[in-house]
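Novice: Below are the chains, spelled out letter by letter.
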Amino acid sequence: SQQGEEDPQALSIQEGENATMNCSYKTSINNLQWYRQNSGRGLVHLILIRSNEREKHSGRLRVTLDTSKKSSSLLITASRAADTASYFCANEINSGNTPLVFGKGTRLSVIA
Amino acid sequence: KAGVTQTPRYLIKTRGQQVTLSCSPISGHRSVSWYQQTPGQGLQFLFEYFSETQRNKGNFPGRFSGRQFSNSRSEMNVSTLELGDSALYLCASSSWTSGVEQFFGPGTRLTVL
Numbered sequence: 001s002q003q004g005e006e007d008p009q010a011l012s013i014q015e016g017e018n019a020t021m022n023c024s025y026k027t028s029i030n031n032l033q034w035y036r037q038n039s040g041r042g043l044v045h046l047i048l049i050r051s052n053e054r055e056k057h058s059g060r061l062r063v064t065l066d067t068s069k070k071s072s073s074l075l076i077t078a079s080r081a082a083d084t085a086s087y088f089c090a091n092e093i094n095s096g097n098t099p100l101v102f103g104k105g106t107r108l109s110v111i112a
Numbered sequence: 001k002a003g004v005t006q007t008p009r010y011l012i013k014t015r016g017q018q019v020t021l022s023c024s025p026i027s028g029h030r031s032v033s034w035y036q037q038t039p040g041q042g043l044q045f046l047f048e049y050f051s052e053t054q055r056n057k058g059n060f061p062g063r064f065s066g067r068q069f070s071n072s073r074s075e076m077n078v079s080t081l082e083l084g085d086s087a088l089y090l091c092a093s094s095s096w097t098s099g100v101e102q103f104f105g106p107g108t109r110l111t112v113l
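If you're matching them up, the sequences are chains A and B in order.
Just so you know, we're using this note's numbering here: the first sequence kicks off at 1 and counts up by one.
Just so you know, we're using this note's numbering here: the second sequence kicks off at 1 and counts up by one.
Please note: incorrect hints may appear among the correct ones.
Result set (SDA-like, lysine to any residue): computed pairs, CA atoms no more than 20 Å apart in a straight line [said to hold, decoys possible]:
hint	chain 1	residue 1	chain 2	residue 2
1	A	Lys70	B	Lys1
2	B	Lys1	A	His45
3	A	Lys56	A	Val44
4	A	Lys70	B	Ser86
5	B	Lys1	B	Glu101
6	A	Lys104	B	Gly28
7	A	Lys104	B	Lys1
8	A	Lys56	B	Phe45
9	A	Lys104	B	Gln17
10	A	Lys70	B	Asn59
11	A	Lys104	B	Lys13
12	A	Lys69	A	Thr20
13	A	Lys104	B	Thr38
14	A	Lys26	B	Gly84
15	A	Lys69	A	Val44
16	A	Lys104	A	Leu11
17	A	Lys104	B	Arg30
18	B	Lys57	B	Lys13
19	A	Lys56	A	Leu75
20	B	Lys57	B	Lys1
21	A	Lys26	B	Gly58
22	A	Lys56	A	Asp66
23	A	Lys69	A	Thr27
24	A	Lys104	A	Gln14
25	B	Lys13	B	Glu101
26	A	Lys104	B	Gly84
27	A	Lys70	B	Phe103
28	A	Lys26	A	Val44
29	B	Lys57	A	Ile93
30	A	Lys104	A	Ser71
31	A	Lys70	A	Thr27
32	A	Lys56	B	Lys1
33	A	Lys26	B	Leu88
Derived from the structure by calculation, the hints contain no laboratory data.
Since the model is a prediction, treat every value here as computed from it, not as a measurement.
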């Protein structure tokens, strides 16, 4: 399977702490994206990082990409209860004309 | 801009019936993708349409089909429903076929009894 894998599957932290989620993938990619999903709803795009980028920031989010290890990480700083959601990485394979491949997600719970 | 809309939001069907789900993409977006989400299998790609042409198809049986109209609206159809088809069906639109973010609709929750 070309599906990526997130680690951990579930994470529970206190409000104010940082949350780190990791994603591994199997083939060369054009880009990697992170999405958030609140329970039973549609996904919301968080950030896209291209294969020639190593780090990207957006507000309290920091994403890194290590193409040599075929891995990415999402860091949420100073977490809030509203950050409670599932987080998915999705990669676009570098072979053209292929859809995004989603991992199974990390379920983050932020406790107030 | 209005977001991606999906209708209906909830649907209950019985085994053997067929169902049609609809997706209206963001204005100006020509690419529409469909995904099935279940607790066991996660998000699985169904198909992608661009300018009325199917560009990609996932590993689903022929009972799953789709189409896209000239105004980029898309429909997917599932015939001869099975219990295992119960899932959240998500539609996503994007401005291009690669290298860009996808905008997801709220999904259609299909329950097959």
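Novice: Taking the hints in turn, state whether each one holds.
Specialist: Hint by hint, here is what the structure shows:
1. A:Lys70 <-> B:Lys1: Answer violated: Lys70 of chain A to Lys1 of chain B is near 36 Å, above 20 Å.
2. B:Lys1 <-> A:His45: Satisfied, since the Cα-Cα distance of roughly 16 Å is no more than 20 Å.
3. A:Lys56 <-> A:Val44: Distance ~17 Å between Lys56 of chain A and Val44 of chain A Cα, so the pair holds.
4. A:Lys70 <-> B:Ser86: violated (33 Å)
5. B:Lys1 <-> B:Glu101: Roughly 16 Å between the alpha carbons, so the hint for Lys1 of chain B and Glu101 of chain B holds.
6. A:Lys104 <-> B:Gly28: The hint is violated at about 30 Å.
7. A:Lys104 <-> B:Lys1: Measuring from Cα to Cα gives roughly 30 Å; hence the hint is violated.
8. A:Lys56 <-> B:Phe45: violated (27 Å)
9. A:Lys104 <-> B:Gln17: It is violated: about 29 Å lies between the C-alpha atoms, which goes past 20 Å.
10. A:Lys70 <-> B:Asn59: violated (24 Å)
11. A:Lys104 <-> B:Lys13: violated (27 Å)
12. A:Lys69 <-> A:Thr20: holds (17 Å)
13. A:Lys104 <-> B:Thr38: holds (10 Å)
14. A:Lys26 <-> B:Gly84: violated (28 Å)
15. A:Lys69 <-> A:Val44: Violated. Lys69 of chain A to Val44 of chain A sits at ~26 Å, over the 20 Å cutoff.
16. A:Lys104 <-> A:Leu11: Holds, at roughly 14 Å.
17. A:Lys104 <-> B:Arg30: Answer violated: Lys104 of chain A to Arg30 of chain B is near 27 Å, above 20 Å.
18. B:Lys57 <-> B:Lys13: With Cα atoms ~25 Å apart, Lys57 of chain B and Lys13 of chain B exceed 20 Å; violated.
19. A:Lys56 <-> A:Leu75: holds (11 Å)
20. B:Lys57 <-> B:Lys1: Given pair Lys57 of chain B, Lys1 of chain B is violated - Cα atoms ~28 Å apart, limit 20 Å.
21. A:Lys26 <-> B:Gly58: Given pair Lys26 of chain A, Gly58 of chain B holds - Cα atoms ~18 Å apart, limit 20 Å.
22. A:Lys56 <-> A:Asp66: Cα-Cα ~12 Å, so holds.
23. A:Lys69 <-> A:Thr27: Satisfied, since the Cα-Cα distance of roughly 11 Å is no more than 20 Å.
24. A:Lys104 <-> A:Gln14: Answer violated: Lys104 of chain A to Gln14 of chain A is near 23 Å, above 20 Å.
25. B:Lys13 <-> B:Glu101: Roughly 33 Å between the alpha carbons, so the hint for Lys13 of chain B and Glu101 of chain B is violated.
26. A:Lys104 <-> B:Gly84: holds (18 Å)
27. A:Lys70 <-> B:Phe103: Violated. Lys70 of chain A to Phe103 of chain B sits at ~25 Å, over the 20 Å cutoff.
28. A:Lys26 <-> A:Val44: violated (24 Å)
29. B:Lys57 <-> A:Ile93: holds (15 Å)
30. A:Lys104 <-> A:Ser71: Between Lys104 of chain A and Ser71 of chain A the Cα gap is close to 15 Å, so the pair holds against 20 Å.
31. A:Lys70 <-> A:Thr27: Satisfied, since the Cα-Cα distance of roughly 8 Å is no more than 20 Å.
32. A:Lys56 <-> B:Lys1: Violated: Lys56 of chain A and Lys1 of chain B sit about 26 Å apart, past 20 Å.
33. A:Lys26 <-> B:Leu88: Between Lys26 of chain A and Leu88 of chain B the Cα gap is close to 26 Å, so the pair fails against 20 Å, i.e. violated.
Comparing the model with each earlier hint shows violations of hints 1, 4, 6, 7, 8, 9, 10, 11, 14, 15, 17, 18, 20, 24, 25, 27, 28, 32 and 33; every other hint is respected.
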